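> Residue numbers (the numbering used here), protein chains in the order written: chain A, 1 to 365; chain B, 1 to 207; chain C, 1 to 989.
Honestly, I wouldn't trust all of these hints.
The calculated lysine-lysine pairs, modelled on DSSO-like cross-linking and capped at a C-alpha distance of 30 Å, are [unchecked claim]: (1) B:Lys137 - A:Lys170; (2) A:Lys190 - B:Lys137; (3) A:Lys41 - C:Lys338; (4) B:Lys115 - A:Lys170.
These are computed hints drawn from the structure, not numbers from a lab.
Predicted model only: the values in this text are computed from it and were never measured.
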Amino acid sequence: QTSAQPAAAPAGVQSQNIFEVKPEASAAPGYLSQSNGERNKVQPGNNAPMWRQVSGGVTGYSSLPASEAPEAGNLIQRFVQYPGSRFTNAGEAWRQVRNELLIPYGAALLFVTLLAALIFHFAHGPITLHSPETGRKIERFTPFERATHWSNAIAFVTLALSGIVMAFGKFFLLPWMGGALFGWLTYGLKNIHNFMGPLFVLTTVFMIVTFIRSNWPSAEDWRWFKKGGGLFGGTEPPSHRFNAGEKVVFWGGVLFLGSIVIGSGLYLDKLVPGVVYLRGNMQVAHMIHAAAALLMMALIMGHIYLGTLGMKGAFKAMRHGEVDETWAREHHKLWYDDIVAGKIPAQRSGAQPAARPPGVEGLST
Amino acid sequence: MARMKFVCDSERCIECNGCVTACKNENEVPWGVNRRRVVTLNDGVPGEKSISVACMHCSDAPCMAVCPVQCFYRTDEGVVLHDKDVCIGCGYCSYACPFGAPQFPSQGTFGMRGKMDKCTFCAGGPEANGSQAEFEKYGRNRLAEGKLPACAEMCSTKALIAGDGDVVADIFRTRVVQRGKGAEVWGWGTAYGSKVAGEAPTNGVKK
Amino acid sequence: MLLTPRKSGSGAGASAPASPFIHSLRRGLANALPTLDRRTFLRRSGIGVGVGLAASQLTLMRKAIAADGAQPAIGAGKVEVRRTVCTHCSVGCASDAVVENGVWVRQEPVFDSPLNLGAHCAKGAALREHGHGEYRLRYPMKLVNGKYERITWDQALDEVTARLKELRQASGPDSVYWIGSSKHSNEQSYLLRKFVSFFGSNNCDHQARICHSTTVAGVANTWGYGAMTNSYNDMRNAKVALYIGSNAAEAHPVSMLHMLHAKENGCKMIVVDPRFTRTAAKADEFVRIRSGSDIPFLFGILFHIFKNGWEDKKYINDRVFGMDKVREDVLAKWTPDKVEEACGVSEAQVLKCATWLNENRPGTIVWCMGQTQHTIGNAMVRASCILQLALGNVGKSGGGTNIFRGHDNVQGATDVGPNPDSLPGYYGIVEGSWKHFANAWGVDFEWIKKQFASPAMMSKPGITVSRWIDGVLEKNELIDQDSNLRGVVYWGHAPNSQTRGLEMKKAMDKLDLLVVIDPYPSATAAMAAMPGTDVNPKRAVYLLPACTQFETSGSVTASNRSLQWREKVIEPLWESRSDHMLMYQLAQKLGFGAELVKNYKMQKVKGLDEPVPDDILREINKCCWTIGYTGQSPERLQAHMRNMGAFDVRTLKAKGPLKDKVNGYDISGDYFGLPWPCYGTPELKHPGSPNLYDTSKHVMDGGGNFRANFGVERAGVNLLAEDGSHSVGADITTGYPELDHLLLKKLGWWDELSEAEKKAAEGKNWKTDPTGAMIRVFMKGHGCHPFGNAKARAVVWNFPDAIPQHREPLYGIRPDLVAKYPAHDDKAAFWRLPTLYKSVQQKNIADKLHEKFPLIMTSGRLVEYEGGGEETRSNPWLAELQQEMFVEINPKVAAEKGIRNGERAWVHTPTGAKLNVQALVTERVGPDTVFLPFHFSGRWQGADMLAYYPTGAAPVVRGEAVNTATTYGYDSVTMMQETKTTVCNIEKA
Ligand SMILES: Nc1nc2c(c(=O)[nH]1)N[C@H]1C(S)=C(S)[C@@H](COP(=O)(O)OP(=O)(O)OC[C@H]3O[C@@H](n4cnc5c(=O)[nH]c(N)nc54)[C@H](O)[C@@H]3O)O[C@H]1N2
Ligand SMILES: Nc1nc2c(c(=O)[nH]1)N[C@H]1C(S)=C(S)[C@@H](COP(=O)(O)OP(=O)(O)OC[C@H]3O[C@@H](n4cnc5c(=O)[nH]c(N)nc54)[C@H](O)[C@@H]3O)O[C@H]1N2
Ligand code: HEM
Ligand code: HEM
Ligand code: SF4
Ligand code: SF4
Ligand code: SF4
Ligand code: SF4
Ligand code: SF4
Ligand SMILES: [Mo]
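So here's chain A without its partners, still in its complex pose:
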C-alpha cells in the first residue's frame, strides 16, 4: 500500500499528475493535434486543446433548446478579422469596426459632404436659369410620381435622422440632454427607425418602378459626365429627362445602396423569414447597413442640396410637378426637344393646367 505522493513533489502539490508523467508528454508525436481527452491521458489537467477550442469559438453543448437560444453553447465568440479590425473575437472586432471606423469616418463623411455643399453654395451659388422664364409650364412629375418621391423622402429622412441619433447622438445630444431624456428620445427614434424601415422598403420599390424608365442610361450621360455636368464652368451638357448626376442618385443611391441598406436593415429587424439570427450575422449586417447607410446619406445629402437650395426651380418641380419651359430647355435639353417634338406629352396626368387655381402659379414664381 503506497501513497499516491511521489517524494519529489514539492510541498502543497499532492496530485499525481504533473510529476508522475514521464517522459514529457510534449515528446509524443502529434502532441499539438491531440484532443483534450488525449492530452488529459498523457498530461492530466492540461486542457490546452479545450481552451484552444474555446477561443476558436467552438460551440459546445447546452441543454437550452437551439430554437430559443441558438448560441447558448458558445462560450466566447469566434475570432475574426473584420475589415479594419484586428484579429480578435468577433464581438470585439465588431466593436472596433463600429467604434473606430464607422462612427468616426461616417461622421467625417457626413460632415465633409455638408461642408462641400456649403462651400459650393457660398462659393459658386445656386444654379440659376440663364434665360427668363416663359411662363409656359411643362408637367415634369405627375402627382403619383410626386407622392412616391415625397413619401420616400419622408421615410428616408426619418430613418436618417433616427439613425444619426443612434450612431452619433451620444456625442452631441447626450451631454446636452442628459441620460434619461436622451434615452427616451433614442428609444422612440429607434422604434420609429425599426418600423419606418419596412415602409421605406415599400416606397423605394415604388420609386424604382416609377423612375427606372427615365433613368435608363444613354450615350449623352457619358458626355455629361465628361463635362462635370457643367457644374464647374462651361455650359450644362444636354440631357434627357434626368441627367447623369440624377441617374447616379437613382442607380447608385436608390437602387444599389438602397437595396443594401434595405436588405441589411430587414435582417437587423429580424424580418427575413427562415433564417437563424446569430450574433456574427448581425454584426456583418450591421456593418454593411451602417456603411451603406452612411454613403447613402452623404449622397442623398448632395441630392437634397441640389433639390432645394442648389438649383433654382428644381424644388418646384417636385413640389408642384411643373417646370418652366426655360428650365426644361436649359437643364434637360433632349427631354425638352422630345416634348416639343410631341414625343412626350407636355401634360401626362389627367389634371388639366386650367383646373389649377391661377394664383398658385403666381405665388410660386
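Let chain A serve as the given structure and place chains B and C with the ligands on it in line with the hints.
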C-alpha cells in the same frame, strides 16, 4: 478597492445548473432570459469540461463601448451595470459581448427586444439599493446586503467563485497548487485582459 | 470610454454597504488561504451571517404580496427565516427560507450545513418555486365523464372512505393497495405504515422498492444494516473511489463537492458505467461496461486481487465469513477472458483498477441505480460489498460502501415507513413484532389482528409497488391473496416510474377506485383520464391535493443516515392539506381515528386538527430500537439544525461545548443529525454513528462492528467475530451474539438495571425492551454493541445465489451469453405473485428478439428533474433547462439509421410501445446502447395528453415517459424492476 470577478473552475464544474436556477430564483428572471448558462465542451468524450458563464464584468467592456445611449456604468467594485430606463433595446451590447451575456425578453421582430437584461453580479441597478424598483428591474442587490452573488454562493461544487478578484484568484491559485493542474481560468483573458487569474490586465483594448 | 460612476440618487446606498463588505472580504482572504474551506472563508468574511443580515435588510425589500388564497399573515410584515431541507434527493442540502407576510420571498444558502456548505444543484437552488405552486392541484377533484371536476374536501373524504369501506367489505382489506412515498417525512411514512396496519393490510409500499430495495436486502444480509455505511463527507478521507452504477454529478450533485475535494488531495476516481456521464468526466479512469454486467467487472477486479494476494487477510479472517468460497468461485470463473467477454473491459483496464484499489487504501465504493435495477440487483450489490470486504475497507473512515440513496427521505421511509414485509425499524411482520408495536401504539394486539383478513395475512408480505398492476391484472387463481387489487391509493408516488406503462394503463382502467394524494397528482390523473379500451364503468377517480414538505414540519433522513428537522416554511397553499392530517381525517371516517393518534397532541392548521409531528417522532423514538431511531428526539434534532456550524465537515462531529439557545441541549460530541443508529433513549446521549461497523471508535462514540443477525455458527464455522476485532473499549473482546435478557444475566450485568427496568426488560431483547435500559447498560456501561459482534457474510446462504452469480438480463442482445449465464427459474408465488425469469428469457431468444431490438436501452436521471418529474417539470426555472424528452444515440448508430442530432425518432420496444422523442446524437453512449431520461410524462406514444389533465395542473414541460415502453423483469429477492437493462430499436420519425 475591490474588483469583483468570477472564476469558473472547469475541473470542478459538473454542469448541474445550480448556478443558473439560483440566479433565476434570486432575481426572478423570466423564462427565456438566461443571465447565466452552462456550456459543456467535448460533451460525452474524454476531456469533457463544463463551464458556467454569465457577464464577466469586463475591465474594458465592449458592451459599454458600443451602447448608443451609454446606459452602462461601472460601480466602484468593477461591476458593469446598466440603466434599463435608458436602454433602447438595440441589441448592440449582445453583438459586442464576447460571452453572450446580454439577454432580451423577446425575440426581436422589428427590433422589438425589450430592455436588455444581464447578470448584475447581484448588485442591482441604478435605483436605490434594496428598493422595490431596483428589485423589479434588476433583481436583488446582494452586494449591498454584504452577500456575494447567489449563483456562486449556491454552486454545488464551489466551481464558481465570485468576489474580489484578488481573493478569488488566491482561492483558485491555492486550489491549483493543491491539485497540481487545471490552472487556466476561463474567460479572464478576454474579460480582464490577462490570462492568469489575478494578474493586472495587460492587453486590454482601451479607447 | 469613461467609467461611469454609480448614478447619483443611490449615492448614499452605494458607498455605505461597500466598505464593510470589502473589509470583511479582505479579512476573509487573510484567514481563508491556508485551508480551502470556502465555507470558512465565507463565514469569516461576514457573508455567512447572511441570515441575520438578510432579515435586517429585508424591510427595504418588496412587501410580500400574499398569494391568492393564502392565509392572512400572522403578524403582518414580519420577516422570518425558516430552515428547511431540499426535497429532491438524499444529499439533504439545507436551505434557509425567508418568509415575509407568510410568503416565501427568498432562499438563502446555509453555509453552516456540514452536508452541503450552502451548495445546491439546480433543483435545490430552485426550491422556492414550491412556494408559488402555480401548476399544483388546488382543490380536490373527481373524474366525471372523462373530465376532472372540483369537489369539496368533505365530499371527497366522504366518498373516498365510503368506497374504501365498500371494497374492504366486499373483497377484504387486501383488495386495496397503498403506495406511500419516500417524499413523506419520517413521521408521515411511519404514520402511513401504522394507518395501513389499522386498515388491516400489508399491501403497501413506496419508492424504495424500485430504488434501493436490492441494496437494502443485499447489504443488510451481508453485514447488518442495509444502508450507506459512511457519508458523503467521509468520502473526503478516501484515497480511491470506485463509482459503479452511479451518476452522482447529476443525481447527487452536491456529493461531488466532497469528492472533488478528495480528488484535489490525491484521491483517484474510477467511474464504471455504460455511459460517459458527467461523473465520468471527472474521473481519472472511465470504464465503459455493458449494462447489466457489473458482476463480471467486479469479480474481474477481485480475480486480480486474489491472484496477487492483495486481499486484507487478517481482516478477512477476523471479520468476514465465506470469503474462501468466493475466492474459489472467482478464480475459477472470472478469468480475464471471461470478464472481457461478459462486460467488454480489457484485462489491462481491469488490472489497472485493481492495482489502484490495492495501492490506495482506504478506498470507497459508490453505487446506485446502475446496480440495483436488475433481476440480479441483489447479487450485484453483494459483489460490491464482497470487493470492499476483501480489501478490508468496510468499517473504516474513507472506506465503506457509499450507497447513494434516492429521494430526500427514501432512507427514512425505508427505515420506518410503509414496507410490505416489515414494520417500522425493519421489525418483521411476525406476531412478536406486532405485539411490540401494539404496545408502542397503545392499542390492543387483538384489535389489530381483527382488522386483517386473517392472522395468516398479517404475516404475509404484501404485493410490491413494482407489481401492483399484476395484482390487478393477474388471474385471480394465480395470486396469493383472496381478491385481486381493486383500489389503489397513490400517496406521493408517480405512475411513470414503474415499468410496463401500457399494462399499467389497462390496470388503471380496471380499478374500482383510484385515489391520488399528491401536490402534483397530474401524471396519474392524466393517465387515468386518457380514454382506454376497457374501462371499468364503476371506476371512481379522486385527486386530493397534498401539501409539500415545505408546508409542514418533520424529520427527514439523508443518505448518510443523518436526520434533519424541517421547519414549516409556509402555510399549506390553496386547499392542500398535509399528509398526516389526511391520514388522520381518513382514519376518522374509516373508524380508527382515535387509535391512530392516541399518543399525539393535535395542532390547528387552517382551522383543522393535525397531529403534531414532534409527537409522532417521539413515538418512533419509543419503538424503533433495532436501527437506533430512538435517540433522535425532536429537541436534539432541532438543536442540531440551529447550530449546524458547530459540526466538522470531515467528521461531522460537533466541536462543543455548545448549548442550544432555545432548548438548552448541549450538542457537543454529537455527529450531525445523529446518524442512525443512534441507540437508546435520547437521554443516553448516543452521538449517532457516522461510519458503520467502525471498530476504531467506542460504541458510545459511534463505533461498532458487524451485526450478529444470522446465528452464531454455520456448518461448524464460527459466525461471530474473531478475538480482538471488537470496537474500542468493549468489555467483551471476542465476538458475541445480540443482546437479550439472558445474555445480560449471564454476563452478570443485569443488576445494573433498576428494579422497574428489570421488570420491563424481563423476557425481552434489546429490540423489544421498552425502556431501552438494557442498551444503556451494554453500551455505556461496557462498551458493547447491542446487536452483537459477528462476521460479515460473503456467502449469503439464504439468497437465490449464495455467492453472487452473473445472470443475463431477461431482455438482452447477447443470446450467446444467456447460454452461459441464464436467468433464475420462474417462481410461483413471490410477494403474492407468480414471477417469471427463465421462461421469458428463453422465449425472447426463441423469438429472436435481439434481431428486432438490437440496442440495449437504459434509462436514468437528468440533474434538473426528479423522479417521475411532474413536480420539477412544473417548476419553470427547471423546466426551461430541459424542454425535450430525448434519446442518446451513438453517432455510428445514428448514421446507420439516418437520424441527425435534434431530429425526432421513434423508440420501439418489445412491449409494442413506441416513443416519439428527440435524438441526441452523442458519444456519451456506446454503439450498442441508448439512454433515455425517465423524468417525462404527458405524452403517450406520440400523442399529447394535455387534454386529460385537470385544468391548470399540467406541468410546463411534457414528454414521452420511458416507462411506457419498459419491459418485464424483477429482482429475485426484492421484486425490484429491471429498468436499467432492456432492449429497443430506433427509427427516424
Ligand atoms: N437530478 C436527479 N437527482 C436524483 C433523482 C432524480 O430523479 N433526479 N433521483 C434520486 C433517486 S430516486 C435515485 S435512486 C438516485 C439515482 O441515482 P443514480 O443511480 O446515480 O442515477 P441513474 O441515472 O438512474 O443511474 C446511474 C447510472 O447507471 C448507469 N447504468 C445503467 N445500467 C448500468 C449497469 O448495468 N451497470 C452500471 N454499473 N451502471 C449502469 C446509467 O448509465 C447511469 O449513468 O438519484 C437521486 N437523485
Ligand atoms: N426507467 C426507469 N424507471 C425508474 C428509474 C429509472 O432509473 N429508470 N428509477 C426508479 C427510482 S430509483 C425511483 S426512486 C422512482 C422514482 O419515481 P417516483 O417516486 O414515482 O417519482 P416522483 O415524481 O419523485 O414521485 C414523487 C411524487 O410525490 C409527490 N410529492 C412530493 N412531495 C410530496 C408530499 O409531501 N406529499 C405527497 N403526498 N406527495 C408528495 C410528487 O409530486 C410526485 O408526484 O422511479 C423509478 N423508475
Ligand atoms: C435608407 C435609409 C436608412 C438609413 C440612413 C439608416 C441608417 C441607420 C443608421 C445610421 C443606423 C445606426 C447604426 C449605428 O448606430 O451603428 C441604423 C441602424 C438600423 N437600421 Fe437603418 N437605416 C436606413 C434604413 C433602414 C431600413 C430600410 C431598415 C429596415 C428595414 C433599417 C433597420 C435598421 C436597424 C434594425 C438598425 C439597428 C438599430 C436598431 O435596431 O435599433 N434601416 N440605420
Ligand atoms: C427632403 C429631401 C429631398 C428633396 C428636397 C428632394 C428633391 C428632389 C427634386 C427637386 C427632384 C427633382 C429633380 C428633377 O426635377 O430633376 C427629385 C428627384 C428625385 N429624388 Fe429627390 N429629394 C429628396 C429626397 C430624396 C430621397 C430620400 C430619395 C431617395 C432615396 C430621392 C430620390 C429622388 C429620385 C429618384 C428623383 C428622380 C430623379 C432621378 O431619378 O434621378 N429624393 N428630388
Ligand atoms: S461580459 Fe459582456 S456584457 Fe459583461 S461586461 Fe463584458 S462585454 Fe459587457
Ligand atoms: S440594448 Fe440597451 S444596453 Fe444594449 S447597447 Fe442597446 S441601449 Fe445599450
Ligand atoms: S451574479 Fe447574480 S445576476 Fe449574475 S448570474 Fe449570478 S446570480 Fe445571476
Ligand atoms: S452550480 Fe457550479 S458546478 Fe453547477 S453548473 Fe454552476 S458552476 Fe457548474
Ligand atoms: S437535489 Fe440533492 S444535491 Fe441537489 S440541492 Fe437538493 S439535496 Fe442537494
Ligand atoms: Mo430512487
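> Does the structure keep lysine 41 (chain A) and lysine 338 (chain C) at a Cα separation of 30 Å or less?
It holds: about 27 Å lies between the C-alpha atoms, which stays within 30 Å.
> Given the hinted pair lysine 115 (chain B) and lysine 170 (chain A), is their Cα-Cα distance within 30 Å?
holds, 18 Å
> Is it true that the CA of lysine 190 (chain A) sits at most 30 Å from the CA of lysine 137 (chain B)?
With a Cα-Cα distance of about 21 Å, the restraint between lysine 190 (chain A) and lysine 137 (chain B) holds, given a limit of 30 Å.
> Would the pair lysine 137 (chain B) and lysine 170 (chain A) pass a check requiring their Cα atoms to be no farther apart than 30 Å?
At roughly 24 Å apart (the allowed maximum being 30 Å), lysine 170 (chain A) and lysine 137 (chain B) satisfy the hint.
Against the hints set out earlier in the document, no violation occurs for any number.
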